[in-house]
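Trainee: Sequence:
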Amino acid sequence: MRILSFILIFLNLVSCQNIGRKPTALNDKAPIDLIFDLDWTLIKQVESSIEHSDKSKYATFEGEVYRIKEGASELLASVASRENVRISFFSGGGRERNTSVLKQIRVGDTNAYDLAHKVLSKSDLTVVSTKASLSFTERYKKDVRLINSDLSRVVLIDDDKRFLISNKYKRNILWLGKTYNQYENYYDLPKKRTVYDPKSYEQWFFDKHKLHMVREILDQALTEEDFLETMHNSRDKWDFEKNSFRGVQALNFINKTTDGNCQSVIQKFTLLK
1 MRILSFILIF LNLVSCQNIG RKPTALNDKA PIDLIFDLDW TLIKQVESSI EHSDKSKYAT
61 FEGEVYRIKE GASELLASVA SRENVRISFF SGGGRERNTS VLKQIRVGDT NAYDLAHKVL
121 SKSDLTVVST KASLSFTERY KKDVRLINSD LSRVVLIDDD KRFLISNKYK RNILWLGKTY
181 NQYENYYDLP KKRTVYDPKS YEQWFFDKHK LHMVREILDQ ALTEEDFLET MHNSRDKWDF
241 EKNSFRGVQA LNFINKTTDG NCQSVIQKFT LLK
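Mapping of the sequence shown onto the UniProt record's numbering: position 127 corresponds to residue 127, and the numbering continues sequentially without gaps.
A portion of the hints provided could be inaccurate.
Said to hold, decoys possible - The calculated EDC-like cross-link candidates involving lysine to aspartate or glutamate, where the alpha carbons are at most 20 Å apart (straight line), are:
(1) K161 to D124
(2) K57 to E70
(3) K118 to E83
(4) K161 to D236
(5) K29 to D226
Quick caveat, the hints were computed from the structure, so don't treat them as lab data.
The structure presented is a predicted model; accordingly, all values stated were derived computationally and were not measured.
All chains should be built: construct the whole structure from the sequences, respecting the hints.
Mentor: See below:
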């Protein structure tokens, strides 16, 4: 009887000691959910009349043509390779269109649709107003809790922060800042530019390679216990708002996109500065 009592007391002591303990970072069997927007984030709509030489860079749906953004496939492949990460997509487009476009985004030997944990579309947006005078983002919102109710482990990667259902979820968005119309080359820009066109070579170059920056941000954040805090700290190193490089960032990205061609490096660096 005394032995049994001792065992029960010992088990209670062990239990009490464990009550106040915080879970370790890799009690991280719980997944981190990355939710990617589509339009202006992973794809940009372009003129259907333009001849597209490399079909792998484009997706089509019912006569519409979309340029798959530079670095999109590499970004998705990088985060998909992590065991504790789930990838979802949330776009205000129709379900049929979103499905078709995602199936055309190649990611290694598969495609973005087959990688997806969930694909949410316009019918999944939260309606906050029915006033026709309001803009789309004022009437419809994206609720990240549809993917994961644990707000410490979910983030929306989107070019438009107005889609957040509430400002209290601002930690749950990796905002890409201002994005521009698609131009394969800087010199394709029209002489008369709109607010949707970059004003300089630097802005065009920065926007073109933005998903490579997102990949660096997420690669770093996904190794840390406080994923969201690290993500925002890493994002703050980049000037997404102005699409402008800081310090040696420009030179680093030029080196990544010129295959060591010295003449091309010098030319691009001169244009940026």
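Trainee: Determine for every hint whether it applies to the structure shown.
Mentor: Evaluated hints:
no.: 1; hint: K161 to D124; verdict: 17 Å, holds
no.: 2; hint: K57 to E70; verdict: 8 Å, holds
no.: 3; hint: K118 to E83; verdict: 17 Å, holds
no.: 4; hint: K161 to D236; verdict: 16 Å, holds
no.: 5; hint: K29 to D226; verdict: 15 Å, holds
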